[in-house]
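Undergrad: Each chain, letter by letter, is given below.
Number of protein chains: 2
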Amino acid sequence: MERDFLSNVELYFSENISEKSGKIYITGNEARHIIRVMRHDEGDEIFITAGKGKIYRTKITGLGKDEIVSEIIEEKEYENNLENVSLCIPILKNFDRLEFALEKSVELGITNFIIYRAKRSGPKNPKLERWQKILTAAMKQSLRSYLPKISFVEDISELKDENIIVFDQKYEEAFTSWIARRNTLTEKTFFVFGPEGGLTEEEITGFSNLTTLKLTSNRLRSETAIITFSVAISLLQR
Amino acid sequence: MERDFLSNVELYFSENISEKSGKIYITGNEARHIIRVMRHDEGDEIFITAGKGKIYRTKITGLGKDEIVSEIIEEKEYENNLENVSLCIPILKNFDRLEFALEKSVELGITNFIIYRAKRSGPKNPKLERWQKILTAAMKQSLRSYLPKISFVEDISELKDENIIVFDQKYEEAFTSWIARRNTLTEKTFFVFGPEGGLTEEEITGFSNLTTLKLTSNRLRSETAIITFSVAISLLQR
Numbered sequence: 457m458e459r460d461f462l463s464n465v466e467l468y469f470s471e472n473i474s475e476k477s478g479k480i481y482i483t484g485n486e487a488r489h490i491i492r493v494m495r496h497d498e499g500d501e502i503f504i505t506a507g508k509g510k511i512y513r514t515k516i517t518g519l520g521k522d523e524i525v526s527e528i529i530e531e532k533e534y535e536n537n538l539e540n541v542s543l544c545i546p547i548l549k550n551f552d553r554l555e556f557a558l559e560k561s562v563e564l565g566i567t568n569f570i571i572y573r574a575k576r577s578g579p580k581n582p583k584l585e586r587w588q589k590i591l592t593a594a595m596k597q598s599l600r601s602y603l604p605k606i607s608f609v610e611d612i613s614e615l616k617d618e619n620i621i622v623f624d625q626k627y628e629e630a631f632t633s634w635i636a637r638r639n640t641l642t643e644k645t646f647f648v649f650g651p652e653g654g655l656t657e658e659e660i661t662g663f664s665n666l667t668t669l670k671l672t673s674n675r676l677r678s679e680t681a682i683i684t685f686s687v688a689i690s691l692l693q694r
Numbered sequence: 457m458e459r460d461f462l463s464n465v466e467l468y469f470s471e472n473i474s475e476k477s478g479k480i481y482i483t484g485n486e487a488r489h490i491i492r493v494m495r496h497d498e499g500d501e502i503f504i505t506a507g508k509g510k511i512y513r514t515k516i517t518g519l520g521k522d523e524i525v526s527e528i529i530e531e532k533e534y535e536n537n538l539e540n541v542s543l544c545i546p547i548l549k550n551f552d553r554l555e556f557a558l559e560k561s562v563e564l565g566i567t568n569f570i571i572y573r574a575k576r577s578g579p580k581n582p583k584l585e586r587w588q589k590i591l592t593a594a595m596k597q598s599l600r601s602y603l604p605k606i607s608f609v610e611d612i613s614e615l616k617d618e619n620i621i622v623f624d625q626k627y628e629e630a631f632t633s634w635i636a637r638r639n640t641l642t643e644k645t646f647f648v649f650g651p652e653g654g655l656t657e658e659e660i661t662g663f664s665n666l667t668t669l670k671l672t673s674n675r676l677r678s679e680t681a682i683i684t685f686s687v688a689i690s691l692l693q694r
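Residue numbers (this note's numbering), protein chains in the order written: chain G, 457 to 694; chain U, 457 to 694.
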């Protein structure tokens, strides 16, 4: 099992990597956490990802007050099975629930997130910086090697020419039967979740390449629908 | 679609039902919510469940300060597809996460919960009353008609003679392949999730009728594993 390489470790994140010299530099909060909280020292082995698919087993060779130099000993590259999956999530009323859905989705392997303001979204503003931190932490926690990305669009119609899947309980075809007909998602696909109250007709008819699916036969809260989708696509896609 | 009976309604809960007279009595907080927050009045139709499988369409015929009498107009009975599924959840460090997992699992149709103190659980005490409220609210929110039950056992060995499934990333067989070999769970089965740090060997070897499965190939937080299971069993069981 490939994942054995990684069982029961902590994974750290740094984009400051020189594959040529085989060294990774960690600074700031991440370095302070490794030194002060995890109490790592020179000679210790730590696992690091730069968020681009590889996980490096490294050995700490230099240690400053909030700076670490670590040498690559071994590396493994993982595939991003869900790279063609983008989750489009509306601004919800309750940000705790939204953030929980983001965290769970990353743990399940989702790496692309678009937050949008639905017509029925409230006036709250997105907190992209905070959310990026949540995504990065969830990537590390679940030992994943692709840094999830999140962006914001004020209007979902920006995606009007993309492959769009809209979920609503009122639609006929079940997501499970739709996904069973596919081995893998070969094209970039945007899975759009509605806000409390759903998408408007205008929002839905604006998409030129639209598939409508039902996720479950029962009513789900917005954040439950998002998590349900993430579980289903991660378990059912091969 | 049978669920159309119920789309976009609020569902209320009262066990005080007389099928003989065709009347349901609602008192206390639930009645106050219906009268003061939802502003229902005599003659209004409301949906009520007693948590035993039926949902009643009723008409309010009497209204006191915190008391409602409502007459049954129509009823539908639903099956509990997951009645043989019991989730065994350890006392976790973070009760917010535990409660989120409970709520999501009810939304996905789980109705039996056992909270246990694992050897590696902390010293926190269960909050059964609070958790029952969360379960009841989630049942209503997701328009389900079976009142979820929750209980606490101090030691998981009380279940030693039951059909037990233990999940851990280290096991060989995947849950998805295990469930694919079953059409439906014909026997009562207890799905045991470990605490942070996992179950001890002693806890695991204490079960006489044990199946070990891997839920996903990636590491998941305890509450994510619980939710992932709930999604999978609700989508994959027929």
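The hints are simulated quantities; they were obtained by calculation from the structure and are not laboratory data. Keep in mind it's a predicted model, so treat the numbers as computed, not measured. Be a bit skeptical, because a hint or two may be false.
Simulated crosslink set (BS3-like; lysine-lysine; CA at most 27 Å straight-line) [claimed, not checked]:
hint, chain 1, residue 1, chain 2, residue 2
1, G, LYS626, U, LYS510
2, U, LYS476, U, LYS549
3, U, LYS549, G, LYS589
4, U, LYS532, G, LYS532
5, U, LYS549, G, LYS626
6, G, LYS670, U, LYS532
7, U, LYS626, G, LYS670
8, G, LYS515, U, LYS626
9, U, LYS626, G, LYS508
10, U, LYS508, G, LYS510
11, G, LYS549, U, LYS589
12, U, LYS532, G, LYS510
Undergrad: Hint check: LYS532 of chain U vs LYS532 of chain G, CA-CA at most 27 Å. Holds or violated?
TA: violated, 55 Å
Undergrad: With a cut-off of 27 Å on the C-alpha distance, tell me whether LYS549 of chain U and LYS626 of chain G pass.
TA: The hint is violated at about 39 Å.
Undergrad: Against the 27 Å threshold, does the CA-CA distance of LYS508 of chain U and LYS510 of chain G hold or violate the hint?
TA: Violated, at roughly 51 Å.
Undergrad: Holds or violated: LYS626 of chain U and LYS508 of chain G, Cα atoms, limit 27 Å.
TA: With a Cα-Cα distance of about 26 Å, the restraint between LYS626 of chain U and LYS508 of chain G holds, given a limit of 27 Å.
Undergrad: Taken at face value, is the distance from the CA of LYS589 of chain U to the CA of LYS549 of chain G at most 27 Å?
TA: holds, 22 Å
Undergrad: Is LYS670 of chain G within 27 Å of LYS532 of chain U, Cα to Cα?
TA: Holds, at roughly 22 Å.
Undergrad: Given the hinted pair LYS549 of chain U and LYS589 of chain G, is their alpha-carbon gap at most 27 Å?
TA: holds, 22 Å
Undergrad: Holds or violated: are the alpha carbons of LYS532 of chain U and LYS510 of chain G at most 27 Å from each other?
TA: violated, 54 Å
Undergrad: Would the hint linking LYS476 of chain U and LYS549 of chain U be met if the CA-CA limit is 27 Å?
TA: violated, 47 Å
Undergrad: Are the Cα positions of LYS515 of chain G and LYS626 of chain U separated by 27 Å at most?
TA: holds, 26 Å
Undergrad: Hint check: LYS626 of chain G vs LYS510 of chain U, CA-CA at most 27 Å. Holds or violated?
TA: Status holds; Cα separation ~22 Å.
Undergrad: Below or equal to 27 Å on CA atoms is what counts here, so check LYS626 of chain U against LYS670 of chain G.
TA: Judged against 27 Å, a Cα distance of about 34 Å means the pair is violated.
Figure legend: structure checked against the earlier numbered hints; hints not met, in rising order: 2, 4, 5, 7, 10 and 12.
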